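So the sequence lines, in the order shown, correspond to chains A and B. For the first sequence, the numbering used here gives the first residue as 1, with consecutive numbering after it. For the second sequence, the numbering used here gives the first residue as 1, with consecutive numbering after it.
Hints were generated in silico from the structure; no laboratory data involved. Bear in mind the structure is a predicted one, so any value in this text is a computation, not a measurement. Some clues are possibly wrong.
To be verified - Pairwise CB distance ranges, derived in the manner of DEER restraints:
#1 B:Ser66 / A:Arg16: 46 to 54 Å
#2 A:Met10 / B:Thr110: 40 to 48 Å
#3 B:Thr7 / A:Thr8: 46 to 54 Å
#4 A:Lys112 / B:Glu68: 39 to 47 Å
#5 B:Met15 / A:Lys69: 24 to 32 Å
#6 B:Leu99 / A:Met10: 21 to 29 Å
#7 A:Ile63 / B:His10: 33 to 41 Å
Here a beta-carbon is modelled for each residue, glycine too, at the ideal position from N, C-alpha and C.
Each chain, letter by letter, is given below.
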Amino acid sequence: DAKTTQPTSMDCAEGRAANLPCNHSTISGNEYVYWYRQIHSQGPQYIIHGLKNNETNEMASLIITEDRKSSTLILPHATLRDTAVYYCIVHMNYGGSQGNLIFGKGTKLSVKP
Amino acid sequence: EPEVTQTPSHQVTQMGQEVILRCVPISNHLYFYWYRQILGQKVEFLVSFYNNEISEKSEIFDDQFSVERPDGSNFTLKIRSTKLEDSAMYFCASSRLVLNKYFGPGTRLTVL
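Chain B extracted, bound-state conformation (with noise of 0.2 Å):
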């Protein structure tokens, strides 16, 4: 069965570097989507992207994310100034229409 895949599995982190977290969709589908769970917290929307373009954001997605789709198969979250409180579990997610979505096994970001 396709699966959503995450590279890598594990980042650490100086604060105020910048960190580059990659998803790898699966292949016929056309949403994408990060979210992320601090340790111990809900899992909490950041961003969806359709289309070439993001379609909607939380309030987390500040100016310090960004995120990319580069190529036909890869999907990027950028923080461009790491923080202490970025430290989290970031997951990628997938779906071809917008019922079900595939969510990758995540990555651990640690800001020290």
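Isolated chain A, as found in the complex (with noise of 0.2 Å):
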């Protein structure tokens, strides 16, 4: 089973930040925080990761705890286009093995004119 908790879905205006909470409680030292997502009928995307320090890219930012049980994604300026559930994730890298990643049922983001 997954080991996060996100809500099950949330609404954002478009051009307005989307704050997408994750609780992650039981996560370990050597385990990632991995956000990926879903765009209708389409192959989940990457967006971003973390392990314990905050992460920012092209997409999004990442925001972790200190205490690691939480994180927020944010993407700055939602589109129409960011509508899709959103997955958060810990994985586990380690030498040797790839491990495969957990998905729950994620957050329905819906970006709303």
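Using the hints, put the two chains back together into the complex; each one sits in its own frame.
Next up, the structure:
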């Protein structure tokens, strides 16, 4: 089972920041926090990942709390094309094994005009 | 930007028939995966493949399933005798390292 808890759905106004929370209270020290999204019927798309520091890329920012028990994905200026299901996944990367991503139900983000 | 491609986009088959789903991973990637998503349900891991062998598989990946990298570019998933419950979207993914996985657009398999 997924080790994360996310709200089932969220709405966001176009042009505003979308802040998607995720709880991962049982995360272990060598597990990363990954975010993927799935636009309707398409393959999951990698967004960002982090271990303990905040991260930013061209798509989003990831804020991880100091105790690493929760995180927030921030889409700074949401557009209608950001409407998707967003998955927060904790994933261990360890030498010699690929591990597999365990997807939960995610958060369905609806960006509205 | 390089992409994972999958063919066909939609496959319809009769129950009991064999199907082969094809994927072309990103060229410099080393790890290859298959996931599936039954309509309305979660994305589920099937198998991972590295260095020409299966490195991990889920309970779903039983003897009816097999994977192969027949040449330097293709990665295939074979289902030997399809069942109705195999109807799903099948996603191929690849990664250079263990970290970011890049998914293809999927093949919709319909078993009649």
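Evaluation of the provided hints:
1. In this structure the supplied range 46 to 54 Å holds for Ser66 (chain B) paired with Arg16 (chain A), their Cβ-Cβ distance being about 48 Å.
2. One distance hint, 40 to 48 Å for the beta-carbon pair Met10 (chain A) and Thr110 (chain B), is violated here, with the actual separation near 32 Å.
3. The supplied range of 46 to 54 Å is broken by Thr7 (chain B) and Thr8 (chain A), whose beta-carbon atoms lie about 34 Å from each other.
4. Taking the beta carbon of each, Lys112 (chain A) and Glu68 (chain B) are about 45 Å apart, inside 39 to 47 Å as hinted.
5. For the hinted restraint 24 to 32 Å between Met15 (chain B) and Lys69 (chain A), the CB-CB distance of approximately 47 Å leaves it violated.
6. A beta carbon spacing of about 27 Å between Leu99 (chain B) and Met10 (chain A) agrees with the range 21 to 29 Å that was offered as a hint.
7. Taking 33 to 41 Å as the suggested C-beta distance range, the pair Ile63 (chain A) and His10 (chain B) conforms, at roughly 40 Å.
Comparing the model with each numbered hint stated earlier shows that hints 2, 3 and 5 do not hold.
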